[in-house]
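**Student:** Please take these sequences and the hints and turn them into a complete structure.
There are 2 protein chains.
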Amino acid sequence: MNATMLSIEKEFLAFVKKMMAYKEAVSLMYWDLRTGAPRKGAEQRSETISMLSSELFAMSTSEEMAAYIGKLSNKEAKESLSERTNRLVEECKKEYDLNKKIPADEYKEYVTIQAHAETIWEEAREKSDFAMFLPYLEKLVYYNKRFIGYWGYKEHKYDTLLDQYEPGMTVKTLDEVFGKLRQSIVPLVKDIADSLNKPSTDFLYDTFPKAKQKEFTLQILDQMGYDFDAGRLDDTVHPFATGINPGDVRITTRYDENDFRMAVFGTIHEGGHAIYEQNISKELVDTLLCDGASMGIHESQSLFYENFVSRHQGFWEHNFELLNQYAPDQFDRITLDEFYRAINESKPSLIRIEADELTYPLHIMIRYELEKAIFNDEIEVKDLPQLWNEKYEEYLGVTPKTDAEGVLQDVHWAGGSFGYFPSYALGYMYAAQLKQSMLKSIPEFDQLLEEGNLTPIREWLTENVHRYGRMKEPLEIIQSATGEGLNVQYLIDYLTDKYRAIYQLN
Amino acid sequence: MNATMLSIEKEFLAFVKKMMAYKEAVSLMYWDLRTGAPRKGAEQRSETISMLSSELFAMSTSEEMAAYIGKLSNKEAKESLSERTNRLVEECKKEYDLNKKIPADEYKEYVTIQAHAETIWEEAREKSDFAMFLPYLEKLVYYNKRFIGYWGYKEHKYDTLLDQYEPGMTVKTLDEVFGKLRQSIVPLVKDIADSLNKPSTDFLYDTFPKAKQKEFTLQILDQMGYDFDAGRLDDTVHPFATGINPGDVRITTRYDENDFRMAVFGTIHEGGHAIYEQNISKELVDTLLCDGASMGIHESQSLFYENFVSRHQGFWEHNFELLNQYAPDQFDRITLDEFYRAINESKPSLIRIEADELTYPLHIMIRYELEKAIFNDEIEVKDLPQLWNEKYEEYLGVTPKTDAEGVLQDVHWAGGSFGYFPSYALGYMYAAQLKQSMLKSIPEFDQLLEEGNLTPIREWLTENVHRYGRMKEPLEIIQSATGEGLNVQYLIDYLTDKYRAIYQLN
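Sequence order for the protein chains is W and U. For the first sequence, position 382 (counting from the first letter as 1) is numbered 381 according to numbering that gives the first Met the number 0, and the numbering increases by one without interruption. For the second sequence, position 314 (counting from the first letter as 1) is numbered 313 according to numbering that gives the first Met the number 0, and the numbering increases by one without interruption.
Be aware that a few hints might be false.
[Claimed, not checked] Dumping the calculated DSSO-like pairs for lysine-lysine here, alpha-carbon to alpha-carbon at most 27 Å:
(1) U/Lys-107 with W/Lys-9
(2) W/Lys-17 with U/Lys-99
(3) U/Lys-107 with U/Lys-144
(4) U/Lys-22 with W/Lys-16
(5) U/Lys-9 with W/Lys-39
(6) W/Lys-16 with U/Lys-39
(7) W/Lys-22 with W/Lys-471
(8) U/Lys-39 with W/Lys-471
(9) U/Lys-93 with U/Lys-156
(10) W/Lys-22 with U/Lys-16
(11) U/Lys-74 with U/Lys-100
(12) U/Lys-22 with W/Lys-107
(13) W/Lys-209 with U/Lys-213
(14) U/Lys-211 with W/Lys-209
(15) U/Lys-99 with U/Lys-471
(16) U/Lys-17 with W/Lys-17
(17) U/Lys-17 with W/Lys-107
Just so you know, these hints were derived from the structure itself, not from any lab.
**Tutor:** This is how it looks when you write it as C-alpha cells:
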C-alpha cells in the first residue's frame with residue numbers, strides 16, 4: 000500500500016472511531032434513561048440524545064465521509080486495503096447512500112413525526128384508541144413509501160424495507176418459508192387445542208420474590224458464559240441488551256412476582272444477545288463492524304439460548320434443583336417432568352411478547368403479511384385493525400377485544416420500523432438451523448445441558464457466528480455455519496417433535 | 000435589539016446548548032465509570048470521555064466561538080442583550096482567553112502528562128514512593144508556571160491559579176484570613192489536647208450494616224430537601240456529587256460498616272452540593288451559567304449542611320431517635336449529649352479528608368502555603384515531603400511516618416489542580432458567614448433543626464445563593480447575601496464557642 004493510501008485509511012479509521020465515541024455516549028444515555036435516570040432530567044436527556052444522534056447522522060452523511068468513501072472504494076484501493084477496511088468502507092457507503100438519498104428537510108420532518116408518534120401511540124394504546132394514532136401511522140407509512148421511492152427496489156417495494164434489518168432478505172424468500180412454517184404450525188396448534196394431555200400450570204403463578212428470582216437468573220447468566228466483568232444486569236420496564244462498548248454489554252430485565260418466567264426466560268433471552276456482542280472479535284473494535292450482523296442473526300442468538308437451551312429438558316435436569324432452592328414452597332411438590340411440560344405450555348394468545356415458542360411465529364406472520372400488503376399498496380392503513388383481528392381469528396383462533404390487545408400492542412410501527420418484525424421469525428429459523436449444525440460438532444449437546452456445561456455451546460456460537468460481527472452478511476454466516484442457505488425445515492421438525500411429545504399426540 | 004443581533008444571539012445560544020449536550024454526555028459517562036461500569040469497558044470509556052471532552056474544548060476555543068464573542072462583546076451589543084446573555088458571553092470569553100493563550104502543542108503535552116501523572120501517583124501513594132511521582136509533579140509545576148507566563152498576573156503568580164477556582168481571590172486576602180484563622184485555631188487545638196473532658200467515642204466504631212446506614216441517610220437527604228425526582232444516590236469509592244443536567248443531580252457515597260460517620264456526614268456533604276445545583280434558576284438551563292459560582296461557593300453549600308446543620312446539637316435532637324431505630328444496639332446506651340460530643344471530637348490527624356471540622360482548615364493552610372511558595376519560586380518541588388512534614392509538626396503537632404500519609408495523600412496535584420485547595424477553607428468561611436446572616440432572617444434556626452424542618456433553611460440558601468448559578472462572582476454572592484465581603488471572624492467565633500463548650504474549656 001502506498002503512503003498516501005495508508006494515510007487516508009488512517010484518517011478514515013480515526014473518523015469512524017470518533018463516530019463510535021458518539022455512539023457509545025448515546026447508548027449509555029439511552030441505557031441510563033431506561034434504568035434509573037431521574038424523572039425530572041428525562042426531557043433534557045432526550046434532547047441531548049437527539050442532539051448527539053444528529054451529530055452522528057451528520058458525520059455519516061458528511062462530505063468528509065463521502066470523500067473517504069470515494070478514495071477508498073476504487074479498485075486500486077480495494078486491492079491494497081485489508082478485508083476489514085474494505086468491509087467497513089462498504090458498510091459506511093451503504094449507510095451514506097441510504098441516508099443521503101433522502102432530502103434533508105424530508106428526513107427532519109420524518110424524525111419529528113417519529114418522535115411524536117411514539118408518545119401518541121403510548122396514549123392511544125392506553126386508551127385503546129386507534130383513531131388517535133391513525134394520522135401518525137399514515138404519515139409514517141407515507142414517508143416510508145417516499146423513501147422507498149428514493150432508494151429504489153427490485154421486485155417488491157417491501158424488499159427495500161426488509162433489507163434495512165436483514166440485508167439480502169426478500170418477500171420471495173419469506174413467502175416461501177413462512178408458507179411452509181404456517182402449514183405445519185397451524186394444524187399442530189389445533190391438535191394441541193384438542194389434546195387431552197395438557198400440562199398443569201397453576202404453580203407457575205405462585206409468588207416468587209423478585210430478589211430471589213434475580214439471584215437465580217444471575218447464576219444462569221454465569222452458566223451461559225455471560226461475562227460480568229464486561230456487563231451488568233439492571234431493572235427496566237421494557238427489557239433490552241445494549242452494547243455500550245465492546246467491554247460493556249449490559250442486560251436489563253423486569254420481574255413479575257407472580258410469574259417468574261418473565262424474568263428468567265427474559266434475562267436468558269437478553270443474555271443471548273449480550274453474549275453475542277461480548278464475543279465479537281476484538282479486531283473489529285472502534286468500527287461499525289463491531290456489532291451484530293443483522294437483527295435476524297442477533298435474534299438467532301437470543302432465541303438459541305431462550306428456546307434451544309433454557310426450554311430444553313436437559314437444561315432443567317441440571318437447574319431445577321437450583322431453582323427449587325430459591326422458591327422451595329413453589330416447586331417442592333412438582334416433578335421435573337411436570338415443570339418441563341408447564342414451561343412449554345402452548346396456547347393461542349393475543350399478545351406477541353407473551354406468546355409461547357410454538358405460536359410465536361404466527362404473530363410475526365400476521366404482521367409481515369399486513370406490512371407487505373401496505374407497502375405493495377394492497378390495503379389501507381385505516382383498515383389495519385379489522386384486518387389484524389381477522390388474521391388473528393384465522394391463524395390463532397382468537398380475536399382481540401380491543402385494539403390495545405390487537406393492532407396497537409407493539410411499538411415498532413410507531414417508531415417507523417416497518418420490515419423489522421420478520422427478523423424475529425428469521426432469528427428463530429436461523430437458531431433451529433444452527434442447532435442442527437451444532438449437533439454435528441457437539442453430538443453430546445443434551446448431555447452438556449444436563450451437566451450444566453454450556454461452555455462448548457457458547458464457543459461453537461462464537462466460532463461460527465459471534466466473532467464475525469458485521470464482517471459477513473447474515474446469509475453468509477448461515478451458509479458457512481450450516482453448509483446451506485436458510486432452511487425452515489429444521490424449525491418445523493423441532494417444533495413438531497417437541498410439541499407432539501409434550502402433548503402426547505401420536 | 001436589531002434583527003441581526005437577535006439572530007447572532009440565537010445562533011450563539013444554540014452553539015452553547017450544543018456544548019452543554021457534550022458536557023452532559025461526559026458527566027454521565029464519568030458518573031457511570033465511578034459507580035458501576037464494568038471493568039473491561041473502562042479503558043474504552045476513558046478514551047471516549049477524552050474524545051468528547053476534546054470536542055468540547057475545541058468548541059470553546061473555536062473560531063466560531065471567537066466570532067460570537069467578538070460580535071456580542073461590543074458596547075452596542077452589551078446594551079441590547081439580556082443580563083443573562085451578557086454574563087454568558089463574559090464567561091465564554093474568559094474560558095476562551097485562558098485556553099487560547101496556551102499554545103495547542105503545549106496544552107496537548109500537558110494533558111498527556113496529567114493523564115499519566117494520576118496513574119503514577121496512585122502507584123506512588125500505594126508504595127509511599129515520592130521519588131517515583133517527583134518527575135511528574137515537577138513537570139506539572141513547570142507547565143503551570145509557563146501557563147501563568149501566558150496568562151499573566153498582577154501581584155502574585157499564584158493569584159492567577161487561585162482565580163481559576165475562585166474568581167477574584169488573591170494571596171493578599173488569603174494570607175490575611177488564614178493568618179487570623181490560624182492564630183485562633185492553633186491555641187484552641189492545644190487547649191483541647193490538654194482538656195480533661197474528652198468525649199468517649201468507642202461506640203462510634205460499632206458495626207452498623209451498610210443497608211441500614213443507607214436507609215437512614217436517604218431519610219436525612221429527604222429532610223434536607225434533596226429532590227429524588229431530580230437525582231439519585233449510588234455507591235462509589237471516592238464520593239462526589241454531579242450535575243448531569245439541571246433535572247438530574249446525582250450523589251455518590253461510600254460506607255464503612257465500622258464507622259457510620261463516613262456515609263452519614265459524607266452523604267450530607269454531597270447532598271449540600273447537589274441541593275445547590277438542583278436549585279439553580281431554570282432560566283439558566285442550557286448555558287454554562289447553570290453551574291456553581293465557584294469551587295468555594297460550592298463547598299460553602301456542602302459544608303453548611305455538613306457542619307452547620309448535621310453537626311449541630313439541634314439536628315440530633317430531632318434525628319438521634321431515628322438513627323437509633325436503624326442501629327439500636329449501638330446507640331441504646333448512649334445519651335444525646337454523649338453522641339453530640341463524640342461526633343464532634345477534635346484531634347490532630349494526618350489525613351485531610353478524615354479531619355474534624357476544627358483542625359480541617361489547618362490541613363488546607365499547609366497546602367496553601369506550600370503551593371504559594373512553589374509558584375513564587377521560593378521552594379523546590381523535591382523538597383515538598385520534608386516541608387510538608389515540618390508544617391504538620393508545627394501546625395498540628397503530628398508528623399507523617401510515610402509520604403503516603405503525608406505529601407502523597409491527595410490526588411489534586413497529580414491532576415495539576417494547583418490553587419484548588421484554598422476553596423475548601425474559603426467554603427468553610429463563606430458557610431459560617433452565611434449562617435450568621437441567615438440567623439437575621441431565621442432567628443429560630445436552632446428550633447427548626449430540633450423540629451426537623453429544614454425547608455426554610457434550604458429556601459434561604461436558594462434565595463441568596465443557589466438560584467444565581469454563575470450569574471454572579473463568588474464575592475458578589477457573599478456581599479449580597481451577608482452585606483459584607485469575606486470575613487473570617489464568623490468562622491473563628493463559631494469554632495471557638497462550639498469547641499470550648501464541647502471540651503468544657505473555661
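**Student:** Now look at each hint and say whether the structure bears it out.
**Tutor:** Hint check:
1. U/Lys-107 with W/Lys-9: Measuring from Cα to Cα gives roughly 20 Å; hence the hint holds.
2. W/Lys-17 with U/Lys-99: Cα-Cα ~24 Å, so holds.
3. U/Lys-107 with U/Lys-144: Given that 27 Å is the threshold and the Cα spacing comes to 16 Å, the pair holds.
4. U/Lys-22 with W/Lys-16: OK: U/Lys-22 and W/Lys-16 at ~19 Å, within 27 Å.
5. U/Lys-9 with W/Lys-39: holds, 26 Å
6. W/Lys-16 with U/Lys-39: holds, 18 Å
7. W/Lys-22 with W/Lys-471: Given pair W/Lys-22, W/Lys-471 holds - Cα atoms ~21 Å apart, limit 27 Å.
8. U/Lys-39 with W/Lys-471: Satisfied, since the Cα-Cα distance of roughly 26 Å is no more than 27 Å.
9. U/Lys-93 with U/Lys-156: At roughly 18 Å apart (the allowed maximum being 27 Å), U/Lys-156 and U/Lys-93 satisfy the hint.
10. W/Lys-22 with U/Lys-16: The given pair, whose Cα atoms are some 19 Å apart, holds under the 27 Å limit.
11. U/Lys-74 with U/Lys-100: Holds. U/Lys-74 to U/Lys-100 sits at ~24 Å (cutoff 27 Å).
12. U/Lys-22 with W/Lys-107: This hinted pair holds, its Cα atoms lying about 25 Å apart.
13. W/Lys-209 with U/Lys-213: Holds, because 20 Å separates the two Cα atoms, which is no more than 27 Å.
14. U/Lys-211 with W/Lys-209: holds, 20 Å
15. U/Lys-99 with U/Lys-471: At roughly 24 Å apart (the allowed maximum being 27 Å), U/Lys-471 and U/Lys-99 satisfy the hint.
16. U/Lys-17 with W/Lys-17: holds, 17 Å
17. U/Lys-17 with W/Lys-107: Satisfied, since the Cα-Cα distance of roughly 18 Å is no more than 27 Å.
The structure agrees with every numbered hint stated previously.
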